[in-house]
Structures are given as C-alpha cells and as structure tokens.
Amino acid sequence: MASPLTFVENLLAAGVERGTPLLFATVGELLAERSGVLNLGVEGMMLLGAASGVSVAHVTGSAALGLLAAMLAGAALSLVHGAISITLAADQVVCGLGLGFLGAGLASVVGADVVGVSGVPRLPAFDLALSGLPLLGPALFSQNLVVYLGFLLVPLCWFYIQRTSTGLRLRAVGENPTAADAQGIGVSATRYTHVALGGALAGLAGASLSLAITPGWADGMTSGQGWIAVGLVIFGGWDPLRSALGAYLFGAIRRLPLDLQGVQSLPLFRNPNLGYFLDMLPYVFTVLVLVLVKIGRVRRRLGPPASLGQPFVRGERGR
Amino acid sequence: MSGETPLEPAPRVRLCGLSKRFGAVQAVDRVDLELHAGEIHGLLGENGAGKSTLMCLLAGLYRPDAGHIELDRTVVSFRSPRDAMAASVGMVHQHFMLVPTLTVWENVLLGTRDRWLLRPARAIARVEQAAERLSLRVDARALVGDLGVGQQQRVEILRVLMQASPHDETQPIRVMILDEPTAVLSPDESVALFATLRALCQRGCAIVIISHKLDEVRQAARRISVMRRGRLVERFPRPAEVTTHQLAAAMVGEEISLELDRPASAPGEVLLRIRGLTVASSHTGRPAVRDLDLELRSGEILGLAGVAGNGQVELMEAIAGLRPMDGGTVELCGQDAATLSIRQRIALGLRYIPEDRMYTGTAPSLSVLENLVFRRYPDHGPWLRLQRYAPWCQQQIERLQIATSGPAQAARLLSGGNLQKVVLARELDRARVILALHPTRGLDVRATTQVRQLLLRARSEGATLESGVEHARGRARNRGATLERGVEHARGRARSGGAILLWSEDLEEVLALSDRVAVIKGGRIVYTAAHDEVELPTVGRWMTGGGAANAT
Amino acid sequence: MRLELRPRLHRSTRLTLAVSLASVTVALGLGGVLLWIAGVEPLAALRAIFSASLFGGAFALSDTTVKATPLLLCGLACLLAFRARLWNVGAEGQLLLGAWAATGVASFWLPPSLPAPLMLTLMGLAAIVAGGAWAGISGALRSYLGVSEIISSLMLVYIAQKLLNYFVFGPWSERGFPLTPPFPRSAWLPRLSDWADGCPALSGLTVHLGMVLALVVCLLMWLLVQRSVWGFELRILGDSPRAARYVGVPVERRMLVTMILSGALAGLAGMVEVAGVVHRLQDRFSPGYGFVGIAVAWLARLNPLGVVLGAFLFAALLVGAREVQPGGISIMLQGVVMLGVVAGDFVLRYRIQRREREAARG
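Sequence lines, in order, name chains C, A and F.
Each residue of the first sequence is one higher than the one before, counting from 500 in the working numbering.
Each residue of the second sequence is one higher than the one before, counting from 8 in the working numbering.
Each residue of the third sequence is one higher than the one before, counting from 16 in the working numbering.
Extracted from the complex, chain C is given alone in its bound form (with noise of 0.2 angstroms):
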C-alpha cells in the first residue's frame, strides 16, 4: 500500500512528465499567439511530430534525428498556416482548423507503418544531483531529457520576450502591426518566424510523448492536449511563466485518474467505468480555467496581444 507522501511524488513526477508536452505546445502557441496569429492546428502538428518522431527514428535508429524530424515536420506545417493566414491574410481560424485535419490525416499516413512497432529508438531518461529529495526530488531531477528541455525552455522565453529587443519587437507587432510596420519592423516576418517557431515546439511536443513520455505511435495519441495547449496560453495569460505552470498542473490532473485507480479503497476499483468520469476532470478543469481567467479581474497586461487573430495587410511600402 503505497504512502501517501509517496503517492504525492509520483503524482508530481508523472505531472511534470505529462505535463511537459503540454508545456511545449503552449509555449509554442503562446509565441505565435504573441505575433498575432492564431494557430489552432497545434493538435495536428502535435500528431505529425509524433509520428515523424517515431518513423524517423525507426528508420535511422536515432531518436535525436527522430525529434529533430518533428520539429521540422511541425514548422513545416505551420509555415503553410502562416502562408494562408499572413500573406494571403485569409481567415485564421478556419486555416488553422483545417491545418488540424491534415496534420491528423498526414500523421496517419506517415506513422501507417510504425503502428505498434516495438523497440523504437527513445530519448533517454537519467537522475540528476538532488534526486534524492522528498517530494521534489523525482519531480525535478529524475526525468527524461524531454523534461529538462521543458525546464530550459522556459526562462529562456521569458528572457526572450521581456528582456531582448526581438522580444520587444514581436510584442509590438503582436499589439500594433500599423506602428511596429511604420517604425520598420517586419510583421510578416516577424509572424511567420513566431508561426514557424509555435510549429516547431508542437512538432516536439508530440515527439515527446512518441519518443520518451508514452513511446510508440498510435492513431489520435495526443488525445486533445494540443487543444488544451491553446486553453492553457489563455489561463497563463501569454506569459511563459504561468503557461508553465498551468502545463504541470494538467499533466497531474490527466495523471490523476491512473493513479487513484491504484488505490483500492476507492469505490473506482469496483467499478472501473467510473473511471471514464475521472477522464473528463481535464477537460473540465480547462473550461474552468477560461471561465475562472473570465470572472478574475484582468489588468490590461493579462489580456491577449490586440491584433490576435487581425490578419494585417499595408499598405504600399517604399519598394
């Protein structure tokens, strides 16, 4: 009979482990979001990295190739949505919808051949110093390489965005194309890089859960979380930090059911349909996120970049 402080570590563990492609496509939605454009194919793009995670590296034996692939197959993916939506300045969300459905459909075609395919090259796992800490300890320093990326990643947006004058730039474009394209700074380019960047990190979001977090592919395996990643740039209010957090936090969640079906005490055990009740605690959790974000007071600094979604179109430039 597992503690109850042991059960708690192994929540935040498998939190943080699950929560890690969360982080990845929210930061990743979060920075194309910030250029203003929206980009509701992370879904698909998740799926795409996934299997070209997996058939990549099944292929050539290497998982680093097969995480790389991904990011290449999700930017990829994403530049044609910045192509409609920025240059074609065509409506984002039906783009970025439809975008969903081909990443899905061309995941399946690409990952048609590793279905169930076993001994698939994976990223490694290993313990850092402080592994030994109660509580915290597994959670933070005895994770896959997936997850120190994650820890990595965000500061290093934080810092991009806040403290660099690239940063400063997307922030204007994000808010006032009109001004950030009159004082010279690109907006489409400044989008497309942002769009391109979003597409990468969902490509690596899928990687991960193929190559290190539930290794191997299946039809429809990121089961909604790329959605959830788009929830989750709202609840952290653009901001790296909170997105973070917000990430870790559902990871736990989505974790939770698997977890207290282990306990016998529960009335779950007896009946395990009920469980299919415990599933849904993510998906509820993000609509109360949003309607939470909703009836909190939002400052101004909390509120999306005011050109999201605006396609934006000049008028002519000195060419």
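Don't take every hint at face value.
[Unchecked claim] Stretch-level coverage of chain A by chain F, calculated; a stretch enters the list once three of its residues show a Cβ under 8 angstroms from a Cβ in chain F:
| hint | segment |
| --- | --- |
| 1 | 348-358 |
| 2 | 361-367 |
| 3 | 370-378 |
[Claimed, not checked] Simulated restraints, written as ranges between beta carbons of each label pair:
| hint | chain 1 | residue 1 | chain 2 | residue 2 | range |
| --- | --- | --- | --- | --- | --- |
| 4 | A | E405 | F | R62 | 55 to 63 angstroms |
| 5 | F | R337 | A | Y366 | 42 to 50 angstroms |
| 6 | C | Y659 | F | V41 | 34 to 42 angstroms |
| 7 | A | G292 | F | V244 | 37 to 45 angstroms |
| 8 | F | G44 | A | D79 | 56 to 64 angstroms |
| 9 | C | G795 | F | R62 | 51 to 59 angstroms |
| 10 | A | A93 | C | L740 | 36 to 44 angstroms |
| 11 | C | S617 | A | Y366 | 56 to 64 angstroms |
Note that these hints are calculated values from the structure, not bench results.
Computed from a predicted model, the values in this text were never measured in an experiment.
Even glycine gets a Cβ: it sits at the ideal position worked out from N, Cα and C.
Got chain C sorted already, so can you dock chains A and F onto it with the hints?
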C-alpha cells in the same frame, strides 16, 4: 506669432516634380515644394487632396513614381521610413504609432536598432534626458495606454525626435512633419504643442503641419501651401493677409459659402430630460458620467464641448440604450427610458450617429440597401423583403449624393465620407431625438457643409410628413392601430422639430451649429451658454478645468 | 512591372462557384502530391476513392448518401453558428449527445410497442434537446462570460465521448460489448431496402429517411437565413456584433439561441445516424461527422444550398477512404480541401492587377 521673419535663403528641402499613383488615382501630381529651416509650413487640402501622401513620400513611407527630393542640396532617395529617419526626417502621424501595452521608453526606443539585450535603466535615463533637452514632459516608465491623448502625442513627438537624431541630439531633427496634430487636443494643449514646435524651429528645424483647421494654420504657419486633387494649386507666402475664406476657396477650387443657413427655430416641448445620470466607465473604476442633468427640447441643437474622455460617449450610449445606467433617470419623449429596450427607443424616434461609422454604424459586409433599412425593417413583420425599400433607398442615395455603384454594393467599399452619408440618411429619417457624435469627421469641405445643413434642417423640420404617414400605414397594417390615429400622430410629430445632442472634436463646428452649448468635464455639465453668448476662450477654460475667468 | 492588390468590388455567384470548384480541384491535386510524397500512389488512390463512392453504381451512391445525411445536418449546424461568427467546433459532441438521448429514449425509456412515427418523433425531440443543451453550455459561456466557444465546445466533445463510453461500456452495454442492444423495430428509420420485397432493385440500398429530413431542414434553414428578419439580424451579428447591438438586436441572447439551434441540428444528426444506420448506440459510430461538418459549412461558403454539395463531396471522401490504406488519407484530403477553400477566398477578395509604369521624368 507668424511675424515676417525672413526665411533662410537656401531651402532645406526641395520636392521636385514628385508624382505618385495608386491604381487609378493620381494621388500626387508633379508637385514642387520648398521648405526652409526654421519655418512652420502649413499644408492644407481636403481629404484625398494628396497632402498626406506627399508628406509620406518625404518621410519614406512611399517611393515616388517620378521626381526627386533634395535635402540640404543633396538628392536623397528613401526606401523606407528608416532611411528617412537616418537622414533626420521624421513624421508624426495622425494615428499615433504607439503600442499601448508597452511603456513610454519601450515605445520610444522601439524602432532603434539597439543592442540585443534590453537595459531598462539606461534606456529610461536616455529618454528622460532627451525629454528634458527638448522641453517635453513625459514619464518614461508609464504605460502608454494609461496616458491621455496630449501626453501620448508628446511621447510620439519624442519618439520621432529621438529616432531621427540618435547620436547628435543638439540638432534635434532636420525636418518634422505632423499630420493633423491638433485634431484630438484641447485648446490649451494645442497652444502647448505650438510652443514646442516654435522652440524646435528656433533650433533650425523645418516643420510641416498638415491640417484642415484653417484658422489655426493661418495663425501658426509662416507660409501655407494648398493642394487640390494631387496638385499644389496655391501658395500663400503671407498668411496674415489671407482670410480663412480664401483658404477654403483655394482648397475647394471655387467660391464656397462656409456660412450655414440657420433658419429660426423655436424650441418646443422637452423631448429628452436627464436627471442625475451616472454611468460607469469601461476602463476605470470611477464613473464616466456623474450626476448629470440635461434637457433637450424639440427644435434645438445642444452642443457638448469637451475634451475627449470626459463622458461624452458614455452619455450618448446610455441614452441610446447601448450602455447601462447606474443611477439617475432619463426621460425620452415623456417615457422613462429605463423601461425601454433599444428597439422601443428607436420606435419613439431616437436616433444615434455613432463615433465608429464602420463597425457600429454600419455592418461593413452588408450592402448599402441592407444598411439603410436598419431602422425600418422591424416595422414589417418576420419576413424580410428588401425590395420593398429599394425606391426609398434610391431616393436617399440621390438626395445625399452618396457615391456608390448601387444599393447592392458592400458598405465597406464606400469611402469614409459616403459611409457617413449612408448613416445620416438612415438616422435622420423619421427622427425626433438625434444623438450625433463627430458627424463630419473625415468628410471633405463640401460634404461637411452638406451634413451640417442636414442637421440644421432636421432640427427645424423634424420628421417629414410623408415618411410619417408611410410609417403610420405600416404600423396600422401590423399592429392594428387605426390609420387615422397614426396620421394624426405623424402630423403632430412633423409640427415639432427634431432635437439634436451633438458632440464633435471640432469646437468651431459645435459652436456654429448649436443653439446652446454645454461644457462637459469629468462627467458632468459645468457650464452652459446660449449661441449668442458663447465665447471661445471661456469655453476653452471650462473644458480644461480652468473654471471661471477670475478663479485662482 | 509590378503587381498590386486591389479589393474586388463585385463578387458574382458565378465567380464564387468557379473559385470553389477550382479550390477543390487544386486541393485534391495537392493532396495527391502529398500522397505521392508519403509513398501512396495518388491517381490510383483518388480513383479508388471516387469509384467507390460516386461513380460505382447504385450501391456506391447509396452508401455515399447515407454518409452524407449526418454530414448535411452537421454542415447546416456549423453554418448557422458561423453566420453569427460563432465557431461551433464541438458539433461532434452535440451529435454524440443527440445519439445518446435518442438511444435512451428508444431502448430504455419508451415502450417498444409505440408506433414508429411517434417513437421516431420523440427520439428526434430528445436528440434536439440534448444537442441543443450541450451547445447551450458553450453558448452561455460565450454570451455571458466571453469564454471562447471554440475551446469550450471542443472540450465538451471529449467529455461527451467519455460520457458515451461510460454508458456503452457500462450500464447500457450488451453482454459486456461496447454497444447497446439493438433498438426496437419502431425506432428504426425506414430505408429503401425495406421495400425490397416488392421491388427487388431496392435491395441492399441503405438510404434512409434521414436524408429526406435533412433536405427539409436544409430548405428551412435557407428560408430562415436568407428570407427572415431573424436571419437578417443574424447576418448583421455575424458581420459586426457592435452594429447588431446598435440596431437593437439582443446580442447575447441571440448568440445563445443560435448556438442552441446549432447544437440541436447536430444532435438530430446523431439521432439520424443511430436510428438509420446501426440501430443501436456503439462505440465510435461517428467517424467525426461533427468535425467534417465544419469543413462542409466552409466549403459551402455558408450558403445552405451549397451545403448539400459539400456534404456529398466529403461523404465521398469518407466512403472512399475505406478503399485506401491508411485511413488517415481521407482526413488529410478533408484538411487540404478546407485549406484550399480558405486560400481560394483570397481570389474572391482581391484582384491582381498590373501597375502601369509612369515614364520617369527629370
């Protein structure tokens, strides 16, 4: 003041034969212009005359199709605003190029190719030093979105100055262009702006002001140039000897009467009575309208004078039903508005000409016909038959000379002025109480006069008899009211004139049109005067909180 | 010579139709290229898809019509919401709830001896109420709290899926299999093959009454959107909510009602599918009709009559997908077609013209 100070002999800027075309429109047509250091040059013209385009060519936003630009006797070619900034030519646009969620220092330094790493402390110090050197009061740490319009303009000017002369801050800038700088300023802020500009001139800057405020430009500018249809048509080297009348004539190309025909109108019954109205603001915690009292009679125009942000919009929206009231009463045509829905208020004859004509006043993707019937279609039951309204619609298009390819054209393809005419055609129809916000914004001189005339006519005539009878017929068909009663009602309505509550940024317009002027400040009426008694300086003082002339 | 973009002033129906057709063709072509890159023989795949669905005789057409029925209803559901600029991405969830409610009524609540018209009507009503309520949640959250209906309706899809799983694996399960017992005969939507005894040509044709129902709904929707005042106000709302409020339309209420109606239609699609095809509730009975409905609505450019064509196209892709491996191909083609249509919008909004060169002067 624009004394006869002699100009520098060699011009700082020479525009030689500049041309620029956008599609089928020749926006700038072989323009020659000289600007001298130390002068404020006024550039006048109607909307679409090409003055903004011409200056955008100088500021590097566009490339000329023909002609060239000389700067201090060197030919220059700007590929982008950046090039122009590097050559110390900057432009302050009408709509500020500021990002509201960033701070002042972030905005000011945005366009500069600074180092990769941001260093807030150093940046703030730089901004504060530059501001002091240029005598502009700004708070470098404030969020631009929190600042008032006058302050934002100062930030914008500072931004342009700093970006145009990043290294040599002794000579602030060679050429500065301002596009409609006083459009959103109060009289006091305008005075402060011109003081800043004159200071810059004394340091050798050449300044161009694009404006349509004839009197202001006449007083401030050393020389004036007038553009019409892309060409520079007249120059006035001695503005002090010119009347605004002549300037307007040059702009339009013919003698134009700026005088408005004000038929006498006797104010009748009270159509709008407001007592103690309080309306919350969307942005701040304090109410936008506080304990406001107002009375509006049929046959009169009440003009609100006030700097933007003192509750005008909230007041209008609350009367229109677009915003909830937090306290007080509004009585519309004798009925308590709190019990009335927007539809019911419209049925009583309330009309609203909104500030935002594109997305509030019209549905941009719908056709002109569909937009014109906004106030009419509810009278005819659950099935829509647009053809029913086609004749009336055509009539309105002709009457107001709305330039459109037809009633089926999408509203968003109309120019700003024509869109406003669509809104007016609709709102002045069968209207008893009209709320008008910036009714002539963005319109050329001819259209502006036309609109003002329409407002004055609405004031004296109110609903026309024919449309009233037609309305009555419609209602009789649908609601079973007897026809005779409806016609009697229509006759009564036609007898009394319309009541108009007006607010415009153009104080001159407010004063010219209104029978009574009420200054609104901080959400309440602080001063009222009748048309004959009103004095601009007094009004200006009350607008900015200066109070009575002898107050300390 | 420089090209420039100018807004297009007139958008004739002929142009719209031509662009839509061109978009689909180009998209399918691009899809073929993608297939070739992925190692699938594109022409053979496309030929297989279309011969199995549209050009393979009566059976093929019948299969396609059967698949087109829920697609038509879901397309109409999404169209209605989109007209008000509400993105009802969760139509799939509303469809599932509708199927659930219909099953509950047919198998577990009403006596099986009820006459078929009454039974079917009550099932339909239950589905409409369930789907409408499910969408109403998102609608209320959006109207009154401003919560994005895209995310909330989508989350509700996953919740609906789990809910159905619970019932289908649990209390309603037949002997432990993930399906319910078959509906009583009175709860079956009549299909053409029911008359095969009298007319042997009809045997094997599984087209059911649902299609007739869907077409009727389509007509009603056209009347509502294009010809009624309510529809006019909806179009104003979709174009500019501020203008709608200005006109006096109660915006929040209208958005809520629109979402509920949209959900009702999607719920009806669910009922029609379980009562017309499989005659029971089973796990994964829907290959994502609700999601495809989004694509159908967009392809039809929000025109109710165009939804019919769109439904058949996507139904063809779905039916044909059985003939090609892997199954993801049809989803991929759906996505490509959607993207093609969105990109094609560009042609409708702008014209590309050549700029004349001004002679340079000194």
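Using the Cβ atoms, figure out if E405 (chain A) sits within 55 to 63 angstroms of R62 (chain F). Given about 59 angstroms between the Cβ atoms, the range holds.
Does the hinted range 36 to 44 angstroms hold for A93 (chain A) and L740 (chain C) at CB? holds (38 angstroms)
Do the Cβ positions of S617 (chain C) and Y366 (chain A) conform to the proposed distance bound of 56 to 64 angstroms? Holds: the Cβ-Cβ distance is about 58 angstroms, inside 56 to 64 angstroms.
Pairwise beta carbon distance, G292 (chain A) to V244 (chain F), judged against the given window 37 to 45 angstroms: For V244 (chain F) against G292 (chain A), whose Cβ atoms are near 40 angstroms apart, the range 37 to 45 angstroms holds.
Quick check: does the Cβ-Cβ distance between R337 (chain F) and Y366 (chain A) fall within 42 to 50 angstroms? Since R337 (chain F) and Y366 (chain A) have Cβ atoms about 47 angstroms apart, the given range 42 to 50 angstroms holds.
Is it true that the C-beta distance of G795 (chain C) to R62 (chain F) lies inside 51 to 59 angstroms, as the hint says? holds (56 angstroms)
Three residues minimum, CB to CB under 8 angstroms: does the segment 348-358 of chain A make the cut for coverage by chain F? Let me know. holds (count 4)
Tell me if chain F covers the segment 370-378 of chain A under the three-residue, 8 angstroms CB rule, please? Per the Cβ count (5), the hint holds.
When you take the CB atoms of Y659 (chain C) and V41 (chain F), is the distance between them in 34 to 42 angstroms? holds (38 angstroms)
Has the segment 361-367 of chain A got at least three residues whose CB is nearer than 8 angstroms to a CB belonging to chain F? holds (count 4)
Quick check on a hinted range of 56 to 64 angstroms for G44 (chain F) and D79 (chain A), using CB atoms only. holds (58 angstroms)
Violated hints for the displayed structure: none, as all numbered hints are satisfied.
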